[in-house]
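J.: Read off the chains here:
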Amino acid sequence: MLKEIKYNEQELIILLKQRDNNAYSYLYDHYCNALFTLIISIVPDKNVASDILQEVFIKIYRKIDYYDSNKGRLYTWMLQIARNEAIDTLRSSQYKSQQNQQPLDNVYINGSVVQNIDEIGIKQFVNMLKTEYRELIDLSYFKGFTQEEIAQMLNIPLGTIKTRLRAALNQLKQIISDN
Amino acid sequence: MDIESYIKSGLIEGYVLGIISAEERNNVELMAAQHSEIKAAIRSFEEILEKKSQSSVIAAPFDLKNKIMDTINSQSDLKKKNLKQSNAAIPITAMSRGVKWLRGTIAACIIVLMGSIILNFYYYSRFKKYNAQYAEMLNKQNALVQKNNRLEASVKMLRDPAMKPIPMHMMPDKNDIMATVYWNGQNKMVYLMASNLPNKPSNMQYQLWAIVDGKPINAGMIDTRKNDMLIAMKEINNADAFAITLEPMGGSATPQGNMLAMGKV
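Note that the protein sequences, when read in sequence, are chains L and H.
With my numbering applied, the first sequence corresponds to residues 1 to 179, in that order.
With my numbering applied, the second sequence corresponds to residues 1 to 265, in that order.
Bound conformation, chain L alone:
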């Protein structure tokens, strides 16, 4: 049994770019749950979310050379890949035609059963926002609509959407910090 190795972010990135297997194994162990949680917040079907998670890790492996640590942390980059993949699936005709979604049954978090998908990951914080802010973050982050698309959908001027979204994000940051 290998001793448990801990990497700091810089070491990990170097090893990942070298295609080191242990590094990818560590990456999976460390981040699979957080990524799975995000994916399932967007596509609430366990089986589909599993497939997406696989695709995401393979994409991470293939695209690791494009990761630029100056633009942000590794986790942020992986989260964006996961989110993009989930939203693509959400909008795919294949998923839409799939009527029978496998709901999450008795999800266990740290020993306590969670009935509601809204209590997980980033969603728990988004739910603490006031209604109009929550709606905006839901449409842009969890449904993947651009600010222009949202303005059209809600029939509100783009400038208002931008201002409101930024205010929502500011409040979201407060909520995340306070909790």
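Since the hints were derived computationally from the structure, they do not count as laboratory data.
Each hint should be verified, as a subset may be incorrect.
Heads up, simulated DSBU-like pairs for lysine-lysine below, C-alpha to C-alpha not over 30 Å straight-line [as the list claims (entries may be wrong)]:
# : chain 1 : residue 1 : chain 2 : residue 2
1 : H       : Lys128    : L       : Lys6
2 : L       : Lys71     : H       : Lys51
3 : H       : Lys8      : L       : Lys143
4 : H       : Lys164    : H       : Lys174
5 : H       : Lys129    : L       : Lys6
6 : L       : Lys63     : H       : Lys67
7 : H       : Lys39     : H       : Lys147
8 : H       : Lys129    : L       : Lys17
Go by the hints and put chain H onto chain L.
T.: Just chain H now, with coordinates in the frame of chain L:
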């Protein structure tokens, strides 16, 4: 450039979450490249997001890891860049001949083993050296990439059709161009490309003004220390012209110095 209010504007969180427009993203990257406080604010939100989003998670299915690692392993270009340590261990096989021969062989094996241990140390130190060199090269590459990103971001901004260039002619001759102001008509952002700013005393600073209805409005201090192609100035909604004066360090509320350059919008 009011950094504090920029950090409180929600743009940084939108950038990290990936939900703002491409134009807004470019702007954030430009700001981050020019202001370390903004880069730090981005990192800080990334860190808290990572920490908090790991708190209540749903476990990914158990069997998934094997499938994923198998797929990763079977990818074609598995270039292992680690130096492999060679262990030349020679097994000591049972002898059917005399003990003398056996002793001799064991002695030879021990010598070879010692040699291989020494080789291990040697290769390990080379490995560490190359690893360190590699890390240093990556660092240098990062620095170059960062510099390139800043330039790219500036070029992207210049290509925007809403960006209007306003050459600032030196007064009073109006022959030479001291600098060029770039004003984005859509988002009202203002940038300055300082091509020809004359040398100035160290206790003075160049200040940009927007002229509206004949009145000068502060458009920010021109800070050339970071050597950026485009210097970010204050947002200006309306202007008939822009002007540059030389003011005491820190700037003035209204222009005290002579108008050194002007450009009409």
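J.: Kindly indicate which numbered hints from before are broken by the structure, ordering the numbers from low to high.
T.: When the structure is compared with the hints, none of them turns out to be violated.
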